[in-house]
Amino acid sequence: MGRWGIGLRLREEAVDPMRPVTNLVTNAGATSPLARVNPRLRGVGRHDRPHPDGDCPRFSVATDHHSIVQNATASGSRNGLIVDFIPSPDPAPTAEDVVFRSVESGSLAGWQREIVLFADGRLQHREGDTLISEKRLSVAQVTAFQQVLEDQRFPNLHRMRYITDAAFADYPTVSLSAGWLQTDYIDLAIADAPPALQAVVEAWDALTQD
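All the letters of the sequence shown, read from the start, carry residue numbers 1 to 210 under the numbering used here.
Calculated directly from the structure, the hints in this document are not laboratory data. Predicted model, so just to flag it, every value in this text is computed and none were measured. Each hint should be verified, as a subset may be incorrect.
Unchecked claim - Label pairs and their in silico Cβ distance ranges:
#1 Gln124 / Pro93: 14 to 20 Å
#2 Arg136 / Glu202: 17 to 23 Å
#3 Gln141 / Ala95: 35 to 41 Å
Each residue gets a CB set at the ideal place from its N, CA and C atoms; glycine is no exception.
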């Protein structure tokens, strides 16, 4: 579709093939509560080729079945960052008392580092099965971080991954999850990821630093 190289695969159940898709817009412009994905957005496809400028906008079909909207939260990467869907099935939901979790894994040694924030404010650092440290955050700190997730529309990043070729050489990647929502990235290129993801990572790093 023009120079943007955008290829959309519309779900058969989402769009009547006999009716044209109308009302192309470039921004969803809707807020998304943390507890659920923006109800107007449905991921429907992927790009077969990278955008010529290294920016791969993501599009979805609105629930009216006749409009296409850009998922601005998941778009915005640049400088050759590989933007793709997470190939594995949706992860099992995290425990109800878990607010947020990051898991850094990969490498040939199979090393894994996990940081978990619980609803009661406990923040645990683990390496493998070993508990490395635990501290307790205030209610205000937990609430402020949850607000960041909502403000940055974390649900709109669900099933997206932002990596580089280094990930295929077993360089560690980071998986972020909240409830059943998940997004992955490689820290080598976080500066090239969408601003929403950068903001979440920055807030999480500030919260978890020793």
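Do the hints match the structure? See the list:
The given range of 14 to 20 Å is respected by glutamine 124 and proline 93, whose C-beta atoms sit roughly 18 Å from each other. In this structure the hint that arginine 136 and glutamate 202 lie 17 to 23 Å apart at CB holds, the actual value being about 22 Å. Checked against the hint of 35 to 41 Å, the pair glutamine 141 and alanine 95 fails, with Cβ atoms roughly 20 Å apart.
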